[in-house]
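*Asks:* Keeping their order, the protein sequence lines are chains C and X.
With UniProt numbering applied, the first sequence covers 1 to 313.
With UniProt numbering applied, the second sequence covers 1 to 343.
Keep in mind that the hints were calculated from the coordinates and are not lab data.
Careful, some of the hints might be misleading.
Below are the DSS-like pairs computed for lysine-lysine, each with C-alpha atoms no more than 27 Å apart in a straight line [to be verified]:
no., chain 1, residue 1, chain 2, residue 2
1, X, Lys165, C, Lys223
2, X, Lys261, C, Lys223
3, X, Lys142, C, Lys223
Here the structure is a predicted model, which is why all the values come from computation and not from measurement.
Each chain, letter by letter, is given below.
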Amino acid sequence: MAYIIRRIILFVVTMAIVSFITFAVFQILPGDPIRTMLGTEADEVQVETLRKELGLDQPLYVQYFDWAKGLVTGDLGESIRFSMPVKELLMDRLPVTISLAVITLLIVIIVAIPLGIFVAKRQNKMSDVVFSSITQVGMAIPSFWLGMLLILYLGMNFSFFSISGYVPWTESIAGALGAILLPALTIAIPQIAVKFRYVRNAILEQLRLDYVRTIRSKGITEKFVMYKHVLRNSMIPILTIFGLITAEVVAGTIIVEQVFALPGIGQLLITSIGYRDFPLVQGIVMYITFAVVFINFLVDILYSVLDPRIRLN
Amino acid sequence: MESPQLHLEPSKSTNDLLLEVKGLKTYFHIGKGKIAKAVDNVSFAIKKGETVALVGESGSGKSITSLSIMRLIPSPPGEIVEGSISLEGRDLLTLSEDDMTKVRGNEIGMIFQEPMTSLDPVFTIGNQIVESLMKHQKMKKKEAYEKAVDLLKIVGFARAEKIIKEYPHQLSGGMRQRVMIAIAMSNNPKLLIADEPTTALDVTVQAQILNLMIDMKEQFGSSILLITHDMGVVAETADRVLVMYGGQIVEEAPVRDLFLKTKHPYTTALLRTIPNIDVDLKRLESIPGNVPPAHLFPKGCRFAARCTHAMTKCQEEMPQLIEFENNHKVRCHLYASEGGAIE
Chain C
1 MAYIIRRIIL FVVTMAIVSF ITFAVFQILP GDPIRTMLGT EADEVQVETL
51 RKELGLDQPL YVQYFDWAKG LVTGDLGESI RFSMPVKELL MDRLPVTISL
101 AVITLLIVII VAIPLGIFVA KRQNKMSDVV FSSITQVGMA IPSFWLGMLL
151 ILYLGMNFSF FSISGYVPWT ESIAGALGAI LLPALTIAIP QIAVKFRYVR
201 NAILEQLRLD YVRTIRSKGI TEKFVMYKHV LRNSMIPILT IFGLITAEVV
251 AGTIIVEQVF ALPGIGQLLI TSIGYRDFPL VQGIVMYITF AVVFINFLVD
301 ILYSVLDPRI RLN
Chain X
1 MESPQLHLEP SKSTNDLLLE VKGLKTYFHI GKGKIAKAVD NVSFAIKKGE
51 TVALVGESGS GKSITSLSIM RLIPSPPGEI VEGSISLEGR DLLTLSEDDM
101 TKVRGNEIGM IFQEPMTSLD PVFTIGNQIV ESLMKHQKMK KKEAYEKAVD
151 LLKIVGFARA EKIIKEYPHQ LSGGMRQRVM IAIAMSNNPK LLIADEPTTA
201 LDVTVQAQIL NLMIDMKEQF GSSILLITHD MGVVAETADR VLVMYGGQIV
251 EEAPVRDLFL KTKHPYTTAL LRTIPNIDVD LKRLESIPGN VPPAHLFPKG
301 CRFAARCTHA MTKCQEEMPQ LIEFENNHKV RCHLYASEGG AIE
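In isolation and in its complexed conformation, chain C is listed as follows:
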């Protein structure tokens, strides 16, 4: 229980620091959103009036606290470009990005863990060479290129896949899957190529430990040794890796949403940076960091479920 409380405090502190940095970065960034909004023709009076209206003439710390208060209450301000609350814009795009991230994560987990186990069981020189080459290739593939290949070879040939746009799950499950699957694969394939080796290494490391010999000495079959004991123990290091994957998957969605013209958060982020739509960009950055920090918080909590040594200390 003390462990969980400590994690919650850490989570809140992290978010506070992130919010401060996010705010500060946009103050340093060159470019004036007011000028962008009004264009080059605007005179000084117009600029000052709008600045006052948006509260941008206030001292920075006042602006920060206003904004931070908004974050907590869920009021992220108003987008300069769309003249709409940032919250509404995010809510509109969120389902797309969340579906993409969740499906990607599921694919990575469903493939990387069994593959890692499979390779760990057949550990020898030949398969090590083969699989480490796969990892090298996987690491080197740029996701936009892989996305285009998938569009070309799968998207164009199978009508199940749509190669651009998004269909809400509530409208058609098959349609939503068709729209999400290819972009999800685009992010997942390089992740799998790299991460299954972590799974393999985690398992091989466990297999070397003394307790495995004890279990074998009890007459427990190899299947149980692997799936009950070794896998359960390996889940602790594997979980750490999947915490990291989540951050990478969220980052991956930004590029892939462009390739597949998915109307998600990533696409919104890129267009609003170009427009100097600071309230929107700040909101998105905060959302993305929140997601990543929150997942890592969940991972920490899961540790304590998996590992009694953490739970009881």
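For chain C, the structure is supplied; the task is to place chain X on it using the hints.
*Replies:* Chain X only, in chain C's frame:
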């Protein structure tokens, strides 16, 4: 069967034999075509109810011998190349892996040296005991947990009901070793292999664990193969002693004969390492040098390089095991003219 005339050696009745290891060779392929002969032609037997100690320095092949009996040699790189290991007449080396899992933990129980790392850290003590009971005695979960509580009480836990719900890291080294004994004894094994069970423990706890093993042995009528390098432990617990050096058995004797009629210079050196309170020594005794690595054994006697009695013959010719009265065997050229060669 009443046929005494069939006994070629009347002193050795074969049906009180529990385990018979014959010509065991366990080699490790250590790369570049090199072979480490960790266990090289080892033969011995354990009778029912007997405690046999297997002694020797680190690297002499004791643990590999015990893991070979359990068929738990990591393969690759290890491999049992030759020999037979019969448990009540059944050769364990010919069993399928599936049949072997019915022997491990059931007919042969094992305790390891490192109690701190020998239990699975993420499962409760109870879970790790019932696993073995459910596998071998086909017990239901509830029944197995009840048996686990009984076992923990037998090995000396007063609050056994609480212990079964605890995790290994909540227990001390001595307590974990008790748990290991409870697991090893849970299915009344015929043989208990204890691989340096007290080495990692406090001196005060060592005696408790040894006494517990002896109690358990008497209660369940098991035999014990005790692997140790502590001659004090040997003197207290063993009926018979096997001394191993460089993957071979160099001396075998009933425990009294080993201490009082020591033959092999290596055994003499081992015995001299026991500190004696009556002798005022400036330094503790030790045997100079190390056990040669198992891929670099000399062609002659493997102890020759460290032996104070070494002769030219020792460098050139491998001594054979020679048998004396009372089943006392020694592998040394010093005794070549006495006793009878048995290999």
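*Asks:* Now look at each hint and say whether the structure bears it out.
*Replies:* Do the hints match the structure? See the list:
no. : hint                   : in the structure
1   : X:Lys165 with C:Lys223 : 25 Å, holds
2   : X:Lys261 with C:Lys223 : 50 Å, violated
3   : X:Lys142 with C:Lys223 : 23 Å, holds
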